[in-house]
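Heads up: the sequence lines are chains P and Y, in that order.
Residue numbers for the first sequence follow the numbering used here, beginning at 378 and rising by one.
Residue numbers for the second sequence follow the numbering used here, beginning at 4 and rising by one.
Calculated from the structure, these hints are not laboratory results.
It is possible that part of the hints are untrue.
[To be verified] Facing chain Y, according to a computed beta carbon distance under 8 angstroms, are these residues of chain P, among others:
hint : residue
1    : Pro437
2    : Ile440
3    : Ala460
4    : Leu487
5    : His488
6    : Lys491
7    : Tyr492
8    : Pro498
9    : Thr499
Note that beta-carbon positions come from the ideal geometry of N, C-alpha and C, so glycine has one too.
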Amino acid sequence: MFGEYRYPFHCEADNITVDVTETDGLYRYHRNCNGSEVTSYLHSGSGRILIHPVEPVNLPKYITQYLKIATPAIYVDPESRYACYLTFPIEIGVFLESKGDVEIIDIFSLHPQKYSLYGTPTDGKVVRYHESTIYREIPDVDQLYEGVLSLTIINEGKDIVTVTGAVFDSYLMKIFYSDLRASMVARMHVLSKGGAETEFIDVPIVGGMKNSRELYTVRNIKHVVSRVFSMDWGLEDE
Amino acid sequence: MNEIIAVVTGYEITSGVTVLEVAIFAIIIIASLIVARVLTQKVRHSLPDRIPKNDREVISKALYFVVAGIGVIIALPYINVNLSGLFVAGGVFAIIIGIAGQNVFSNFIAGLILFVERPIKIGDNIGIEDVLGTVEDIRILSTIIKTYDGIYTRIPNFTIFTANITNYVAHVARRFEYSVGIRYQDDADLAMSVIRSVVEEHPFALKNPAPKIYVDELGDNAVLLSVRIWAPSMVWWDVRTELLWKIKVALEESGIEIPFPQRTVWFPEGKTTIQTTKGDGTGTEMTRP
Numbered sequence: 378m379f380g381e382y383r384y385p386f387h388c389e390a391d392n393i394t395v396d397v398t399e400t401d402g403l404y405r406y407h408r409n410c411n412g413s414e415v416t417s418y419l420h421s422g423s424g425r426i427l428i429h430p431v432e433p434v435n436l437p438k439y440i441t442q443y444l445k446i447a448t449p450a451i452y453v454d455p456e457s458r459y460a461c462y463l464t465f466p467i468e469i470g471v472f473l474e475s476k477g478d479v480e481i482i483d484i485f486s487l488h489p490q491k492y493s494l495y496g497t498p499t500d501g502k503v504v505r506y507h508e509s510t511i512y513r514e515i516p517d518v519d520q521l522y523e524g525v526l527s528l529t530i531i532n533e534g535k536d537i538v539t540v541t542g543a544v545f546d547s548y549l550m551k552i553f554y555s556d557l558r559a560s561m562v563a564r565m566h567v568l569s570k571g572g573a574e575t576e577f578i579d580v581p582i583v584g585g586m587k588n589s590r591e592l593y594t595v596r597n598i599k600h601v602v603s604r605v606f607s608m609d610w611g612l613e614d615e
Numbered sequence: 004m005n006e007i008i009a010v011v012t013g014y015e016i017t018s019g020v021t022v023l024e025v026a027i028f029a030i031i032i033i034a035s036l037i038v039a040r041v042l043t044q045k046v047r048h049s050l051p052d053r054i055p056k057n058d059r060e061v062i063s064k065a066l067y068f069v070v071a072g073i074g075v076i077i078a079l080p081y082i083n084v085n086l087s088g089l090f091v092a093g094g095v096f097a098i099i100i101g102i103a104g105q106n107v108f109s110n111f112i113a114g115l116i117l118f119v120e121r122p123i124k125i126g127d128n129i130g131i132e133d134v135l136g137t138v139e140d141i142r143i144l145s146t147i148i149k150t151y152d153g154i155y156t157r158i159p160n161f162t163i164f165t166a167n168i169t170n171y172v173a174h175v176a177r178r179f180e181y182s183v184g185i186r187y188q189d190d191a192d193l194a195m196s197v198i199r200s201v202v203e204e205h206p207f208a209l210k211n212p213a214p215k216i217y218v219d220e221l222g223d224n225a226v227l228l229s230v231r232i233w234a235p236s237m238v239w240w241d242v243r244t245e246l247l248w249k250i251k252v253a254l255e256e257s258g259i260e261i262p263f264p265q266r267t268v269w270f271p272e273g274k275t276t277i278q279t280t281k282g283d284g285t286g287t288e289m290t291r292p
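Extracted from the complex, chain P is given alone in its bound form:
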């Protein structure tokens, strides 16, 4: 389903159908995802529709830019690296590209959403919450349901650290897609037993994957100043 389409077109996978049909020069966009339907109209037939996996923090409505992936406890040795694969929820973005401009026109998902709080109610962060198993190999996932995140935990300290999740800033995400899966590559630099920094690397987990459109650039959000997210409220759930 992920890809770029000249319209009119029709694509269908799992419980999702997306199509653009033409009637008397009027282009009608219609999407059905698990019974949830959206219809809108496109002005001209000169553009393209891009269907890409996007940063999974937009549904049911955008209230935070952060994603937390909770994992079983990982004990990381001092002065070592631990590489693993996790899953992340997929949200599918539909973009209209026309005459050099790109606009998001629809976002939907098969994955149920859940939110949580990282830190304290006073000054913590509301985060999109996702639970993942830990994999040593790239897992087979339903491409429209979950993506694969390659995470390297780097512990340069002298203590064994316990990690039960990682929090990421969606403004920093670099998502890639192929016919098989969506992917991201991230690192977690453990600073102490109580803190770490997470960042994304602008590479796919395997060759031949294509870049997804980034929502924050499409939406002209320009205040991305940091390249890392600081996990100041610890590496473990309370």
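Given the coordinates of chain P, assemble chain Y onto it according to the supplied hints.
Positioned in the frame of chain P, the structure of chain Y alone reads:
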């Protein structure tokens, strides 16, 4: 040449005012206007966007006139204008203004303190005394609240400064609570399980802090379950309104009913006994022949 300059600059335009003094007066006035304009532009650009445009203009203009006024006061003695009379008049004027404008001044100072302390921001849901609503604007002298029924309310900043402010969205998450009654014959464990499932299904009922559901009270007519849920402050009201009905529907689908207050009337043979039974089994009995 020097003599010519000395003659020209020393020439008295009026009694005791030379050309040089007039030139100095003009230079000071022009310099003060330039400084005032530069300072005004700097301040106008450096004031944060959260200060409304009108207030930014007022502050900038006030600064402009203050700097220009200082320039005039410095320059006037060069053209033999006696300031002592002006100061006396200015003092009297200041007293009148001070008395008349003390409320304005106190609101202005309170407004400045609110800008620094920032207990509220535009868009926050707040309660001040008996006014509940959303902050529409924070101005130099007053704050504008749009109440939840859409009424425009202007509150002087001094009132806000001295009042108890409740900011419902200052923290990123907040808790709300339901009290759900079930019948005494219903299974409370099942009811709590059903409620937990409904809460966990809602995206914005936060995973952490976890919701708490427990038997809170054995009431007159029902076993009262307390349901405490944390939600993001931005959407807590939506969550609160959506969940309650879902909980009611889910409980009924599981055969658990939310009871009404009830009274049992019992008529034994030969006499009339009115027995009032509460939901917890206790009650009163009244017998008549």
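So, going through the hints one by one against the coordinates:
no., hint, in the structure
1, Pro437, "holds (6 angstroms)"
2, Ile440, "holds (5 angstroms)"
3, Ala460, "violated (27 angstroms)"
4, Leu487, "violated (14 angstroms)"
5, His488, "violated (11 angstroms)"
6, Lys491, "holds (6 angstroms)"
7, Tyr492, "holds (6 angstroms)"
8, Pro498, "holds (4 angstroms)"
9, Thr499, "holds (5 angstroms)"
In terms of the numbered hints stated before, the structure departs from hints 3, 4, 5, listed from lowest to highest.
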